[in-house]
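Trainee: When we follow the working numbering, the leftmost residue of the sequence shown carries the number 870, and every step to the right adds one.
Do not rely on the hints blindly, as some may be mistaken.
Think about it this way: if two alpha-carbon atoms lie no more than 20 Å apart in a straight line, the pair counts; the simulated SDA-like pairs of lysine to any residue are [stated by the list, open to error]:
hint, residue 1, residue 2
1, Lys892, Leu932
2, Lys917, Asp874
3, Lys917, Leu932
4, Lys917, Thr900
5, Lys917, Pro875
6, Lys892, Ala911
7, Lys892, Gln905
8, Lys917, Arg933
9, Lys917, Thr942
10, Lys917, Arg876
11, Lys917, Val877
12, Lys892, Gln912
13, Lys917, Gly885
14, Lys917, His882
15, Lys917, Glu955
16, Lys892, Ala944
17, Lys892, Gly906
18, Lys892, Arg876
19, Lys892, Arg908
20, Lys892, Thr939
Estimated spans, in silico, between C-beta atoms of each pair [what the hints assert, rightly or not]:
hint, residue 1, residue 2, range
21, Gly888, Glu955, 19 to 27 Å
22, Ser872, Arg936, 17 to 25 Å
23, Glu925, Lys892, 32 to 40 Å
24, Leu932, Gly888, 17 to 25 Å
25, Gln905, Glu950, 23 to 31 Å
26, Glu925, His899, 31 to 39 Å
27, His899, Ser947, 16 to 24 Å
28, Gly923, Glu950, 18 to 26 Å
The hints are simulated quantities; they were obtained by calculation from the structure and are not laboratory data. Glycine is no exception: its CB is placed at the ideal position from the N, C-alpha and C atoms.
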Amino acid sequence: MRSNDPRVRLVGHLHGLAGYNDKGFIWSRHTPEEVQGHRRQAQETIDKLVFEIGEEAFSADLLRKLRYGTAATDAFGSVEEQARRELGTGSP
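Take the sequences, apply the hints, and build the full model.
Mentor: Following this line, the structure appears as structure tokens:
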């Protein structure tokens, strides 16, 4: 079920992105260009969700990670975990 809550959508997006960055791009047999395209689209989604949620909902540290690409390349889920804690969304 898809949530209308942008906080839940952001955490879910970060969860899927971490899986993709871990090994998903290998399993998908994506070329380096396709990986870059996927990450670019992922960053656009992050930017839209941050705007929808409002920057004031995030710590300066998390906002920096979301805005400047750390989240789009995170393979460990650390940005997802931080977002879940700060936004109070619980488990994905």
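Trainee: So which of the earlier hints does this model not fit?
Mentor: The structure breaks hints 1, 4 and 18; every other hint is satisfied.
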